[in-house]
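Chemist: Sequence:
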Amino acid sequence: MKLFDLESPLMQVLNKVADLMWLNVLTLICCIPIVTAGASMTAMHYVALKMARNEECYIARDFFKSFKLNFKQATGIWLIMFFIILVLAGDFLIMKNMEMKFGSVIRVILIVIALLFLFTSMFVFPVLAKFENTVMRTIKNAFFIGIMQFPKTILMMILAVLPTAVFLLFPQITPIVFFFGFSAPAWASAKLYSGFFKRLEAQILEANAPVEAAGEGEEDERIFRDELDESLVEENPGNQ
Numbered sequence: 001m002k003l004f005d006l007e008s009p010l011m012q013v014l015n016k017v018a019d020l021m022w023l024n025v026l027t028l029i030c031c032i033p034i035v036t037a038g039a040s041m042t043a044m045h046y047v048a049l050k051m052a053r054n055e056e057c058y059i060a061r062d063f064f065k066s067f068k069l070n071f072k073q074a075t076g077i078w079l080i081m082f083f084i085i086l087v088l089a090g091d092f093l094i095m096k097n098m099e100m101k102f103g104s105v106i107r108v109i110l111i112v113i114a115l116l117f118l119f120t121s122m123f124v125f126p127v128l129a130k131f132e133n134t135v136m137r138t139i140k141n142a143f144f145i146g147i148m149q150f151p152k153t154i155l156m157m158i159l160a161v162l163p164t165a166v167f168l169l170f171p172q173i174t175p176i177v178f179f180f181g182f183s184a185p186a187w188a189s190a191k192l193y194s195g196f197f198k199r200l201e202a203q204i205l206e207a208n209a210p211v212e213a214a215g216e217g218e219e220d221e222r223i224f225r226d227e228l229d230e231s232l233v234e235e236n237p238g239n240q
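So for the sequence shown, our numbering puts the first residue at 1; every next one is plus one.
Just to be clear, a hint being listed does not mean it is correct.
Claimed, not checked - Straight-line Cα separation of at most 30 Å, DSBU-like style, residue types lysine-lysine; simulated pairs:
(1) Lys198 - Lys152
(2) Lys16 - Lys198
(3) Lys152 - Lys140
(4) Lys198 - Lys65
(5) Lys130 - Lys198
Treat the hints as calculated values from the structure; they're not laboratory data.
Produce the complete structure using the sequences and hints provided.
Modeler: See below:
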């Protein structure tokens, strides 16, 4: 096999790098209005999961298909998350600048709430990208999955903050962060949770076999119409 054949390992790696770069640029552009950040992150995770599974993927087309399909719910979730971020940031700022009775207890409570929020935020957009549900049930399912996938959730959190940490420590590599700061962690995270999602998909498809059979031939096979809660409760947390 020649080094620069389209099917050679080198070309596959280069293609993957180019796809991640293009995905990151699309994500950043669509995050610029701020209010559209939720839809942009959802679309990014949708494409990243397809890439992680080596499924047929057209970066721009699939990105904007997911962006449009999930815009309303993703925006609602993002606004809720943004409000929580502002509240937590304000609370920590107040705690830092004021001496309060039981301040240590309140600080611990805030840290626990912040950690639970981070656990949920790691999965909320991937869950929305893959499963059709209401806003509140999507958030609930993301929280359960974050807890059940505990070791992987921690690793995903590290992957998410790593580009920012690297940027602050080594600002000279800003172009690398610009081109891969969102998409590369999303792709690596998708590698981690893809197997778990597949088990959930199999459970839902089995439970809704008649409905899915009637829908065969639809262009977008990613939507699984199920509330998911029972599947999550039945799933063994020890099965990573």
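Chemist: For a quick check of understanding: which of the numbered hints are violated here, in increasing order?
Modeler: none
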